[in-house]
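S.K.: This is what each chain is made of:
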Amino acid sequence: DTGVSQDPRHKITKRGQNVTFRCDPISEHNRLYWYRQTLGQGPEFLTYFQNEAQLEKSRLLSDRFSAERPKGSFSTLEIQRTEQGDSAMYLCASSLPLAGGGMGTDTQYFGPGTRLTVL
Amino acid sequence: TQLLEQSPQFLSIQEGENLTVYCNSSSVFSSLQWYRQEPGEGPVLLVTVVTGGEVKKLKRLTFQFGDARKDSSLHITAAQPGDTGLYLCAGAVNYGQNFVFGPGTRLSVLP
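So the protein sequences, as listed, match chains E and Z.
Under the working numbering, think of the first position of the first sequence as 13, with each following residue one higher.
Under the working numbering, think of the first position of the second sequence as 259, with each following residue one higher.
Hints are computed from structural coordinates only; laboratory data are not their basis.
Keep in mind the model is a prediction, meaning the values are calculated, not measured.
Hints may be right or wrong, so weigh each one.
[Stated by the list, open to error] FRET-style restraints, in silico, Cβ to Cβ:
id, chain 1, residue 1, chain 2, residue 2, range
1, Z, SER284, E, LEU72, 14 to 24 angstroms
2, Z, TYR280, E, THR50, 35 to 45 angstroms
3, Z, ARG318, E, ASP75, 44 to 54 angstroms
In this text, a Cβ means the ideal position worked out from N, Cα and C, and glycines have one as well.
My request is simple: use the sequences and hints to build the entire structure.
M.R.: And the structure:
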């Protein structure tokens, strides 16, 4: 299977702990996105990378959240000092954009997500 | 306040019925996408529309982008249980900006 993979699929943690999620995009895709989805809502954009450069960050991405894509391949999303409000599905997507195209023209392929529960 | 509104929020119908779900905004979008998401999975892109008034068909699914590029609809003909899922619309205010997702319409097609 050469789709987007995410690890772990589920994470339960206690409030105040740090957690890290990993996303492996489709191998030739140079754009990688992180979203958060809470129950009954659509995904909310958090950040995206083009290769190793983090090009856009949502104001939803507080200083407790950090994302990296050090070699332009896989990415990690870390949440420090987790809060109960961080409980959500964290989705990763990747794309191979059209030349000069922005997110609006991308075909994003989503991974299955990591479901975080903060107790 | 949601930038994108979707209606209805929930829809339960019998197999074989037709249905239409809507995506509305007060903003003009340069492009709009429809996704379907099944439980425990990420969304899967169904279609991208970019031109006002554009109509695209994907088998039994018909997508329309409003003339003013502020709204869109998805019509399903002869719904099947396999159509069950969360239908999400997502729009970009301009090609370089983030995508904004609507809250989705949860469709259940009963056999």
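S.K.: Would you mind marking each hint as holding or not holding in the structure?
M.R.: Quick rundown of the hints versus the structure:
1. SER284(Z) <-> LEU72(E): 14 to 24 angstroms: This hint holds: roughly 21 angstroms between Cβ atoms.
2. TYR280(Z) <-> THR50(E): 35 to 45 angstroms: Cβ of TYR280(Z) to Cβ of THR50(E): about 22 angstroms, so the range 35 to 45 angstroms is violated.
3. ARG318(Z) <-> ASP75(E): 44 to 54 angstroms: holds, 47 angstroms
Checked against the numbered hints given earlier, this structure breaks only hint 2.
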